[in-house]
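Full structure from sequences and hints, please.
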Amino acid sequence: MNRVLLLGPVLALVAGIATTAGGSVADPRPEALVRSGTLAQTSARDVIAHDGTVPAALARVIAQEIAREVPLPSGGTFNGIRWEPAGGVFSRREIAAMLQYNAACQWLRAWRDGREAAVAHAVLADVPRWTAWRGSETGAVLADVAAEVAKGGGETAVTVLADCDASHEREQRYAAALGLSPSR
Amino acid sequence: MDRRTRRASLRAAFCTAACMLAAPAMAQGGYTDLDNWNLTETTSTWGGGTQFTISAGGTGTAEYRWLDDPDKTTVISANNCTDGTLRGSPATIPAHNTSYHGLFSGAAGACFILRGRTAIGSGSMVNHDGRINR
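For the protein sequence lines, the chains are A and B, in the order given. If you read the first sequence in numbering that gives the first Met the number 0, its first letter stands for residue 0, the second for the next number, and so on. If you read the second sequence in numbering that gives the first Met the number 0, its first letter stands for residue 0, the second for the next number, and so on.
This list has only true hints and no planted wrong ones.
Quick list of the computed label-pair ranges, beta carbon to beta carbon:
1) A117(A) x G120(B): 54 to 60 Å
2) P54(A) x A94(B): 23 to 29 Å
3) V125(B) x V157(A): 40 to 46 Å
4) Q63(A) x S88(B): 26 to 32 Å
5) Q171(A) x D70(B): 42 to 48 Å
6) V125(B) x G151(A): 48 to 54 Å
7) D32(B) x V157(A): 30 to 36 Å
8) D70(B) x V33(A): 46 to 52 Å
9) S88(B) x Q171(A): 22 to 28 Å
10) G86(A) x G57(B): 26 to 32 Å
11) G29(B) x A149(A): 23 to 29 Å
12) R133(A) x D68(B): 31 to 37 Å
13) A124(A) x T84(B): 27 to 33 Å
Since the hints were made in silico from the structure, they are not lab data. Just so you know, even glycine gets a beta-carbon here, dropped at the ideal spot from N, CA and C.
Here it is as structure tokens:
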């Protein structure tokens with residue numbers, strides 16, 4: 000009985016994924032910039048429309064599908080996100096938001112560390128308009144970060160980076176414990 | 000108003016404007032009301048993953064309260080936007096308690112989501128309003 004009840008939302012979520020995972024026409028820009036631009040231009044309602052929840056134990060499966068839409072620097076992964084220990088349930092929208100914030104952190108670290116500098120600059124400029132936080136207070140903070148990055152750095156970027164670094168350490172430990180490759 | 004007083008007033012006005020311009024733009028914060036948060040015994044997130052940030056002009060803490068009399072004991076937590084880990088400690092809020100409960104202290108800009116559930120065995124609690132102050 001419980002399995003039947005569980006199957007409905009899972010199938011609905013997977014169906015939502017299927018409708019958004021389309022192919023793309025060849026684009027001369029780096030893949031990361033294409034994905035970032037798409038996130039910045041997509042209507043936020045497209046994400047909300049596929050709402051529904053899955054148990055935390057299944058969130059990783061859904062995240063792997065949604066992750067195809069989210070740009071990462073070379074060597075980046077989402078393997079260290081602690082879906083399972085968080086427990087409870089997650090909606091597709093929540094999963095997308097966490098992936099996007101995690102990706103923003105990875106690009107911020109890449110910029111700080113001088114990896115893929117030009118792409119990192121361009122992606123971080125898009126980040127405030129990504130679907131998860133467009134027009135929200137998180138978007139405002141990330142807009143400050145983007146403005147500071149454009150000028151070489153600043154107080155907000157340092158603060159957010161400290162949070163990202165702390166998360167990165169946790170993610171590396173958790174991914175390793177799961178036998179998965181941690182993000183760079 | 001003599002010339003010296005006028006000059007002092009202009010200087011004060013300029014300083015006020017300059018200070019406002021110099022204030023960090025991340026000073027969002029304050030409080031936000033959460034209308035009709037429906038909780039069950041399974042942990043879920045407010046607003047489908049709505050993210051909050053610690054404000055620059057606040058106390059550097061996030062605290063939560065129910066606005067209308069909650070009829071169940073609830074457990075509310077702040078979780079990290081990056082990886083879902085807990086920030087601070089979950090607050091166990093007794094039934095009928097409408098006081099603020101501290102969730103965590105963090106630097107300005109620290110991003111979090113709010114997760115909550117009712118006490119095990121107590122059933123669900125629907126259409127109750129809360130407030131997050133940060």
